[in-house]
Amino acid sequence: MHCLEESKLASQSRTRSIEEINRKIRSGDVQVLTAEEMKKLVESSGVEVAFKEVDIVTTGTFGAMCSSGAIINLGHSDPPIKIHRAWINDVEVSHPGAAVDLYIGATATSETNSFEYGGGHVIEDLVRGKEVELRAVAYGTDCYPRTKLKTHLTKDDLNQFYLLNFRNCYQRYNCAVNTRDETIYTYMGKLLPRMRNATFSGAGELNPLMNDPDYETIGVGTRIFLGGAQGYVIGEGTQHDPRNLNGTLMVRGNCKNMSPEFLRGATFTKYGATLYVGIGIPIPILNVGLAKKTAIRDEEIFTNVVDYGIPRRDRPELARVSYKELKSGRITVGDKSVRVSSLSSLKTARKIAETLKSWIENGLFYLTQPVERLPTDTVFKPMRQTEETPFVAAVMQPAVTCSEDEEVRAVAERIVSKSVNHIVVVDEKGILHGIVTSWDITRAMAEGCKSLSDILTRHVITAKPDEPLETASKRMAQHNISALPVVDNERKVLGIITAEDVSKMLGR
Amino acid sequence: MVRILLKFPEKIVDEPIISQVILTLKAPLNIITAYVNSKGGEVLVEVPEDKMETVVAAFRKHGVSVSLPKFIEVDETKCINCGACVALCPFEAITQQEDGSIIFNKEKCVGSTCGTCVDACPARAIRSVKQENTTLTNRHTIKSGQLRS
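So the sequence lines, in the order shown, correspond to chains A and B.
The working numbering puts the first sequence at residues 1 to 508.
The working numbering puts the second sequence at residues 1001 to 1149.
Keep in mind that the hints were calculated from the coordinates and are not lab data.
A portion of the hints provided could be inaccurate.
Derived contacts from chain A toward chain B, CB cut-off under 10 Å, selection only [what the hints assert, rightly or not]: (1) GLU116; (2) ASN197; (3) GLU261; (4) THR274; (5) LYS327; (6) ARG330; (7) VAL338; (8) VAL340.
Each residue gets a CB set at the ideal place from its N, CA and C atoms; glycine is no exception.
With the sequences and hints as input, model every part of the structure.
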């Protein structure tokens, strides 16, 4: 009777409270929809009906979240040790506290199996109940005399084992492509040359923060689904940038109750280890506005297609696409249709939203009132750098050039008169056609070869003027060459950098 | 059916070797992929198991090098259904279902001759494995009478 009256009241009221919703969870009357179901309801019946009928909308996301880790407490050994450095399964873990507290960073890599195993895998193995090996060294003090330790542990041996993630659950993320001529391996996965594929991350309309973009309900103390257990939001994440729709969360949860289905160690080739984290947040529909906000669709959520081929902080943005396009498997960049696929799992994101829904419906999960709201005005500043980083333009010299129809002898004379080792072959517009080295010329002279076109190298490895010198230097080493012509986007030759000049600048 | 990889050196790339083998052995070879230019070629073909020995021997006699490419296998227990592999596959052998599941179609996959997806899997659920019950050894040399002239 009491309940009936209450719901009648609620149906007339323009708001509902967390306490009211929790009472409905207790009585089994709560109405929960996943974010995807909510969108359909709003589309078919409108915001007013959705507000009246729905108490909670559940969200979900499951993706690689590198800024994750777990804090563990080992208890004291006898004699006791104040750990200075420690490794679990050969992955170095940090010692942020007094003696036996360790933080397992998700991206720390194994010293013996570097990129294939890392902190994320250690956390997963512990969650699975596997035994891990701990090694530690210390300098020894009067109160902590021990200097060396080796032992085997499972999660049951740990006093505390908490996931403590300082930046999770990005509201949305860049879509990545690569315009270079070579495949690159990034934290956005494997990117084929000349935009032959694209990758993206995030659940779009299912993403928790996208469904509460003004942080009306998600705050410090919000109870959430975390890695298959109940966890909490403990604040905004680092780099939280809500005004640009790049909000993030800091979260904490008890790993001992988590499941490897929603917490998984992973490896990005040539990048390193990470942790896939499953997060689901219930959005209480406290007012009509929230009913409207939780109806957001993939076609209303946009992100930028970013060129990860440019190794700079501000990478070029090549296009703007919606999550609807991203989830369709194809996007358009300029006049090119590019196949795109996700790095985060939509299937698991849906499962998280469903699981959270069933927890609430079965009275296993109650909502909390945040004790403090998250900031909505913070900005994500770039790093203050007090030392300058050299770029290619800083060591670039004018290139000594020739045209393809010149004779070997003429080029040989130029090498001597200009005292260089590399001649860049260009057309009349200055566009790169090839390169010849003093070695090529010497050999051509010895073998009596007269035509330049027979000896020039046409597949030229190049550099861009705004590229960090270190990347260009690495490329020279990779290809075992001693110079790179510097070109613009149209392959017009701007100059040349040599290994010699680079070493001078980098001080090697 | 067994998949074999044929490598044609520059010297013999202009000869109609595959046709000759098909005609002389009456073997229904199914060409899966072929990359051929003036410098040489790589052709992936499917051969019926019972013809395999004679086919391999015939190609080798023509100076073609024959190897057994590995198959790509997905460990479903490790796969996290992320999709990192989907857009990378040039043969569209990996697709995403409506419910978000990632489906691997072994029929369309060319195996280790491509292998683009293997190092892109964050869960390390994709690996290349040897074709079952099949080995290629030097015993596949020509036996008299097997090749009808």
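Checklist entry - Hint by hint, which ones does the structure fall short of? => result Violated hints: none at all, because every hint is consistent with the structure.
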